[in-house]
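Peer 1: Read off the chains here:
Protein chains: 2
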Amino acid sequence: MIIDCHGHYTTAPKGLQAFRDAQLAELKNPPATRTKGPVNITDDEIRASLEGAQLKLQRERGSDVTIFSPRASAMAHHIGDATTSLHWTEHCNDLIYRVVNLYPQNFVGVCQLPQTPGDPLANCIRELERCVNELGFIGCNLNPDPSGGYWSGPPLTDRSWYPIYEKLTELEVPAMIHVSSSCNPNFHHTGAHYINADTTAFMQLIQGNLFKDFPALKFVIPHGGGAVPFHWGRYRGLAQEMKKPLLSEHLLKNVFFDTCVYHLPGIELLARVIPIDNILFASEMLGAVKGIDPETGHHYDDTKRYIDQVKALGEDDRYKIFEGNARRVYPRLDRQLAARGRPGKRLQKEVA
Amino acid sequence: MIIDCHGHYTTAPKGLQAFRDAQLAELKNPPATRTKGPVNITDDEIRASLEGAQLKLQRERGSDVTIFSPRASAMAHHIGDATTSLHWTEHCNDLIYRVVNLYPQNFVGVCQLPQTPGDPLANCIRELERCVNELGFIGCNLNPDPSGGYWSGPPLTDRSWYPIYEKLTELEVPAMIHVSSSCNPNFHHTGAHYINADTTAFMQLIQGNLFKDFPALKFVIPHGGGAVPFHWGRYRGLAQEMKKPLLSEHLLKNVFFDTCVYHLPGIELLARVIPIDNILFASEMLGAVKGIDPETGHHYDDTKRYIDQVKALGEDDRYKIFEGNARRVYPRLDRQLAARGRPGKRLQKEVA
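Residue numbers (my numbering), protein chains in the order written: chain C, 2 to 353; chain D, 2 to 353.
Next up, chain C with everything else stripped away, as it sits in the complex:
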């Protein structure tokens, strides 16, 4: 079984954007009473948005289940105020819920959070509870920079984030650390802001001692961990200079990397320097990088092909990357799958 831990609903029917457009229009001339307003999308529209896209690619590329969340670049927590963010987030998450209900074999839900720069996390906690307890979601995306590229808030190790970490551990759900669009013209969103945020988050975690306070908290750092595996020596060396424990002890019980790295040499490096137990298969489909690589003749984001080519990986390694690690990091996913008669496997090592 192959679990893709990082997919976004980038193909949502146009009714979602119509809602957003109306919401943004209202911001220019806010009414006395803020109403949420409806999103008008039919089930058929949802089916049509997925059948020729994510579902087609799952079949073609051979993945089974995608951990699916709203389009990351559209979270845009910097737009409007807390009410804007809450209404938008609820709709985006509800739409993911509908996707999962229509295709329960293919998708499991991960929510965005109604973050707002400078705002406390009460709304986020309520929405996380709703999504996990009422909608059956198994994780969330946490934006380390809700300012959208100006990084005006505190680092992830700041105590102001602790309420959401308490809720995450209580609910047994991990957070993927994922920024949204950049309104800073210096940062292209998928080419700089995303990758920088991954690198930045990891370094913040090196500097702090967050997992002493939250030993059960789990973070997935997407896009292969940004620059981290390429500079693994730098990070090991900086932690050492700061008198931190070895990274295996300091972070790697809690921090995981996905495989959204779009060429074979990058995936080979990832699998070589990051412990296999910390790597989760993902493709980021659909849409971060859309084209076909002229050097291979295949889509850049067909990441399974790269992993299949890494000769150094044994059978247990592949099971962990494609399935086992995701079941461990997302325990609610494991339980959902088991309840549907799809339990995890024992490793070859354990069988022998």
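None of these hints come from the bench; they were simulated from the model.
Take these hints with a grain of salt, some might be off.
Where chains are identical, the list cannot tell them apart; a pair therefore holds if satisfied intra-copy or between any two copies.
[As the list claims (entries may be wrong)] Restricting the straight-line Cα-Cα distance to at most 25 angstroms, the calculated cross-link-like pairs of lysine-lysine (PhoX-like) are:
{"#": "1", "residue 1": "K213", "residue 2": "K312"}
{"#": "2", "residue 1": "K291", "residue 2": "K245"}
{"#": "3", "residue 1": "K254", "residue 2": "K15"}
{"#": "4", "residue 1": "K244", "residue 2": "K291"}
{"#": "5", "residue 1": "K312", "residue 2": "K350"}
{"#": "6", "residue 1": "K37", "residue 2": "K245"}
{"#": "7", "residue 1": "K312", "residue 2": "K168"}
{"#": "8", "residue 1": "K291", "residue 2": "K305"}
{"#": "9", "residue 1": "K168", "residue 2": "K213"}
{"#": "10", "residue 1": "K312", "residue 2": "K37"}
{"#": "11", "residue 1": "K15", "residue 2": "K305"}
{"#": "12", "residue 1": "K244", "residue 2": "K312"}
{"#": "13", "residue 1": "K254", "residue 2": "K57"}
{"#": "14", "residue 1": "K346", "residue 2": "K305"}
{"#": "15", "residue 1": "K346", "residue 2": "K29"}
{"#": "16", "residue 1": "K245", "residue 2": "K29"}
{"#": "17", "residue 1": "K168", "residue 2": "K254"}
Chain C is already provided as a structure; the job is to place chain D on it using the hints.
Peer 2: Positioned in the frame of chain C, the structure of chain D alone reads:
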């Protein structure tokens, strides 16, 4: 011959910091007339600051010449105003000049620039001219984020940068794209801000068409290019989506990467995905990452050891990385070395 293209005077005698402290103290209570004030450092102090540090490591690790610039984290262009930045920069550059005069076999000078957020580049152009024409420097460090981690200025492709690019090409000197310290608590300077800036700059260059306007302009992106080689597929794919030419055409005649990547797998990736003609040997010594790697028993920043271990590199490749590419990217260095009886070699390929 081995040229290290990226070294900073991190061990400058304490007289430099004493000047800076006085300058910063003045900022709190500025006098009617701003005077530059002296830096009191003797030649013996300079010798002592280098003999047990950079010079010792050159001997031990087998490099010959270091392209040497003021301490990057201390440039701090966000502090004070244009006068602050100018006085500080002139002193820092003058000190590099004294180092080069004391050890002309071991060091060549690269200057910092008196950038100030929001300020036009006239001071920078004057200082660049002074350093190149009067002090014999061969390049400069250009800070793509003089705000110090808030990225409040325009991208490198913005026309406001063009005057410095005109001067760089006129003088035939490259710029290393190098940020300074971060005053944003989100970004550790060597662990996040430096690496993010490298990634950001490269992505800005993909988005723009800067080298159409400046075909002779050359940039060195340090720290192995940040996240770029690890995500080479992503960058090739994004350029393709943007209908840009292949990166070999779009950027790689103008953009070069150094080898400040502190572990063998990272260097192997670099040498595998980035054309050899675009890789310049560097160690960033002294001090970005100071320790000894327990996995190898050697210093993290002893980057020559990693390159020596990359089996795929032929003799010409090694010559290019260690010497030939630096001579090409820094033509004034090549001429200085040739004038001292140390011309470049012909490649084996050319001899044969």
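Peer 1: The structure should be examined with respect to each hint, and the outcome stated for every one.
Peer 2: We went through each hint and held it up to the structure:
no. : hint        : in the structure
1   : K213 x K312 : neither (36 angstroms within a copy, 42 angstroms between copies)
2   : K291 x K245 : between (40 angstroms within a copy, 14 angstroms between copies)
3   : K254 x K15  : neither (41 angstroms within a copy, 43 angstroms between copies)
4   : K244 x K291 : between (42 angstroms within a copy, 12 angstroms between copies)
5   : K312 x K350 : within (18 angstroms within a copy, 33 angstroms between copies)
6   : K37 x K245  : neither (47 angstroms within a copy, 42 angstroms between copies)
7   : K312 x K168 : neither (40 angstroms within a copy, 50 angstroms between copies)
8   : K291 x K305 : within (15 angstroms within a copy, 38 angstroms between copies)
9   : K168 x K213 : within (16 angstroms within a copy, 52 angstroms between copies)
10  : K312 x K37  : neither (52 angstroms within a copy, 62 angstroms between copies)
11  : K15 x K305  : neither (30 angstroms within a copy, 55 angstroms between copies)
12  : K244 x K312 : neither (36 angstroms within a copy, 34 angstroms between copies)
13  : K254 x K57  : neither (35 angstroms within a copy, 40 angstroms between copies)
14  : K346 x K305 : within (20 angstroms within a copy, 45 angstroms between copies)
15  : K346 x K29  : neither (54 angstroms within a copy, 66 angstroms between copies)
16  : K245 x K29  : neither (49 angstroms within a copy, 36 angstroms between copies)
17  : K168 x K254 : within (19 angstroms within a copy, 51 angstroms between copies)
Checked against the numbered hints given earlier, the structure breaks hints 1, 3, 6, 7, 10, 11, 12, 13, 15, 16 and satisfies all the rest.
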